[in-house]
Each structure stands twice: as C-alpha cells, then as structure tokens.
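Novice: Residue strings, one per chain:
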Amino acid sequence: ETGVTQSPTHLIKTRGQQVTLRCSSQSGHNTVSWYQQALGQGPQFIFQYYREEENGRGNFPPRFSGLQFPNYSSELNVNALELDDSALYLCASSLAGTGNTIYFGEGSWLTVV
Amino acid sequence: SQQGEEDPQALSIQEGENATMNCSYKTSINNLQWYRQNSGRGLVHLILIRSNEREKHSGRLRVTLDTSKKSSSLLITASRAADTASYFCATAPNAGGTSYGKLTFGQGTILTVHP
Chain L
8 ETGVTQSPTH LIKTRGQQVT LRCSSQSGHN TVSWYQQALG QGPQFIFQYY REEENGRGNF
68 PPRFSGLQFP NYSSELNVNA LELDDSALYL CASSLAGTGN TIYFGEGSWL TVV
Chain R
111 SQQGEEDPQA LSIQEGENAT MNCSYKTSIN NLQWYRQNSG RGLVHLILIR SNEREKHSGR
171 LRVTLDTSKK SSSLLITASR AADTASYFCA TAPNAGGTSY GKLTFGQGTI LTVHP
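Residue numbers (this note's numbering), protein chains in the order written: chain L, 8 to 120; chain R, 111 to 225.
Quick caveat, the hints were computed from the structure, so don't treat them as lab data.
Careful: at least some of the hints might be erroneous.
Some chain R residues well away from chain L (every beta-carbon gap over 12 Å; in silico) [unchecked claim]: (1) S122; (2) E125; (3) A129; (4) T130; (5) N132; (6) I157; (7) H167; (8) T187; (9) R190; (10) A200.
Using C-beta positions, here's what the derived DEER-type ranges look like [unchecked claim]: (11) L:D91 / R:A192: 31 to 37 Å; (12) L:T27 / R:E163: 35 to 41 Å; (13) L:A103 / R:A192: 45 to 51 Å; (14) R:T187 / L:E61: 39 to 45 Å; (15) R:P225 / L:E61: 32 to 38 Å; (16) L:S34 / R:E127: 37 to 43 Å; (17) L:T12 / R:P225: 30 to 36 Å; (18) R:T130 / L:N66: 42 to 48 Å; (19) L:Q48 / R:Q124: 41 to 47 Å; (20) R:T130 / L:L46: 24 to 30 Å; (21) L:P68 / R:S122: 34 to 40 Å; (22) L:T118 / R:A120: 22 to 28 Å.
One side of the interface only, derived from the structure: several residues of chain L facing chain R at Cβ under 7 Å [claimed, not checked]: (23) Q55; (24) T108; (25) G112.
A virtual CB, placed ideally from N, CA and C, is assigned to each residue, including glycine.
One chain only, chain L, in its complex shape (with noise of 0.2 Å):
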C-alpha cells in the first residue's frame, strides 16, 4: 500500500476522443509525476508536477498535459487519443528534492479502440 491512488483503473476509448486520468498523492508529498508503461516495456517518463507548475517533461507530444492541485493531488489529460496511447498510466509521488524514494499508484489502463 503505497498511499498513492488512481483512477479509474480500467477505461476504454475511442481514437480521436480525449481522457483525464486522475491520481492522488501520498499524504505530504509535493510532487507528483506520471509514466506511460507499454506492454512488456518499461515505463516512460512524461512529465513531472511540483507547486502546480509542471517542471520536468519527458518525449511526449504537447496533447498530453496535466494539472496538479493545491491538495497535490493531479491529472493527466491526453486529447487525440491515438492506437498507440494504448497503456498502463502510472502516477508517482514523492517529496521534492533528490535522492527521496518515489511511490507508484495502481495505474489506470487505457485502452484506445
């Protein structure tokens, strides 16, 4: 139990449509990133959110964005959806500053049709 929540676990869209995927926190972490995990890959680093201001993005496209709150808690927005969005969406929290252990949620799977 990481204290790290997401939803929804599972969605289904259609290509062209857009989806929020939403995450909670850990209680007192300050940052929060999101990674998309390709089946049988590795997950992916599409950007980081600290004090509601994104300061870390990875190689993805600008329809892909997010918002985190002031309880820190955060969104992804993807719009457009493509085939290729298919994947498990992980969201990870943590304190800000380095070397701080980084806790993943359960993911939400996305499923573009």
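Since the structure of chain L is provided, determine the placement of chain R on it from the hints.
Specialist: Only chain R this time, still in chain L's reference frame:
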C-alpha cells in the same frame, strides 16, 4: 528512451534458490531504485541506493551499485513462488534542480519462481 538495460530479460528458478538480476545505465546518477511489478499492476518500491553507497540490504534483498561500471545488481535470496514478478531498475539523474521526479527505467527482468 530507456537508459538502462536489465539482464537477463527472463529468469526461471526453483523455490529456495537465489535470483540475481543486473542493471546497467549510461549517465551520471543521484540514486538507483529497484521496483517490482506483478502482472498488470503498479510498481512496488523495493530499495533505493544512493550513488555514494556500494551495497544495501533489506530483508532477503541485497543491492549493489558500481558507479565506475555504471551497473547495479539485485539479489533475492531464498526465493519464494510469491517473488514471481517483473523487476525494474530505475535511475534518478544527478542533474539537480527539478529533475528528481524523473526516473529512467530499464526493460525489466521477468522472474518466475517455481514451487
């Protein structure tokens, strides 16, 4: 892109045996973390080792880090069927500033422990 490479990609052992998984990476790191993932589920944090540490233990887990070779190993002793999972190493950059939440993962090692 994946920074690390894990070796082997798959490992099959009998209960009670030891399992060793290796991880190599390419750039300077602040720390390296090992995670476990049961099929289709989230990542469970196992252990964090900092760049100035060489070895760390946690229960049946032993992690080593060799920054000169840019490699790490995870040893699980006296394995159990419940250890069956995928294991990932992930590196945190030594870039300071705002990069602390960005982990770079390897492809993972699939461990199967037969009862």
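Novice: Work down the list of hints and note, for each, if the structure agrees.
Specialist: Taking the hints in turn, this is what the structure says about them:
Non-interface call for S122 (chain R) relative to chain L: holds, since the shortest CB-CB distance, roughly 17 Å, exceeds 12 Å. Every beta carbon of chain L lies more than 12 Å from that of E125 (chain R), the smallest distance being close to 26 Å; the non-interface claim holds. Non-interface status of A129 (chain R) relative to chain L is upheld: no Cβ of that chain comes within 12 Å, the nearest being about 19 Å off. For T130 (chain R), the requirement that its beta carbon stay farther than 12 Å from each beta carbon of chain L is met, with the minimum near 19 Å.
Non-interface status of N132 (chain R) relative to chain L is upheld: no Cβ of that chain comes within 12 Å, the nearest being about 15 Å off. I157 (chain R), annotated as away from the interface, has a beta carbon of chain L within 12 Å; the closest lies near 9 Å. Every Cβ of chain L is farther than 12 Å from the Cβ of H167 (chain R); the closest lies at roughly 16 Å, confirming the non-interface assignment. Every Cβ of chain L is farther than 12 Å from the Cβ of T187 (chain R); the closest lies at roughly 22 Å, confirming the non-interface assignment.
Interface exclusion of R190 (chain R) from chain L stands, the closest Cβ pair being 20 Å apart, more than 12 Å. A Cβ of chain L approaches the Cβ of A200 (chain R) within 12 Å, the least distance being about 8 Å, so the stated non-interface status is violated. At roughly 34 Å, the beta carbons of D91 (chain L) and A192 (chain R) sit within the given window of 31 to 37 Å. Between T27 (chain L) and E163 (chain R), the C-beta spacing of about 40 Å keeps the proposed range 35 to 41 Å intact.
Judged by the Cβ atoms, the range 45 to 51 Å given for A103 (chain L) and A192 (chain R) is violated: they are separated by roughly 34 Å. Distance hint check for T187 (chain R) and E61 (chain L): the Cβ-Cβ separation is about 42 Å, which falls inside the suggested range of 39 to 45 Å. For P225 (chain R) paired with E61 (chain L), a C-beta distance near 47 Å fails the hint of 32 to 38 Å. Taking the beta carbon of each, S34 (chain L) and E127 (chain R) are about 39 Å apart, inside 37 to 43 Å as hinted.
At roughly 33 Å, the beta carbons of T12 (chain L) and P225 (chain R) sit within the given window of 30 to 36 Å. Restraint check, T130 (chain R) to N66 (chain L): a C-beta distance of roughly 32 Å breaks the suggested window 42 to 48 Å. Take Q48 (chain L) and Q124 (chain R): their Cβ atoms lie about 28 Å apart, and the range 41 to 47 Å is violated. A hinted range of 24 to 30 Å holds for the C-beta pair T130 (chain R) and L46 (chain L), which are about 26 Å apart.
Distance hint for P68 (chain L) and S122 (chain R): a CB-CB separation of about 39 Å, consistent with the stated range 34 to 40 Å. A C-beta distance of roughly 26 Å is found between T118 (chain L) and A120 (chain R), which places it inside the suggested range of 22 to 28 Å. The restraint placing Q55 (chain L) at the interface with chain R holds, with a minimum CB-CB distance near 4 Å, inside the 7 Å limit. Taking 7 Å as the C-beta cut-off, the interface hint given for T108 (chain L) holds, the closest approach to chain R being about 5 Å.
Satisfaction of the interface hint for G112 (chain L) is found here, the shortest Cβ-Cβ separation to chain R being roughly 5 Å, below the 7 Å cut-off.
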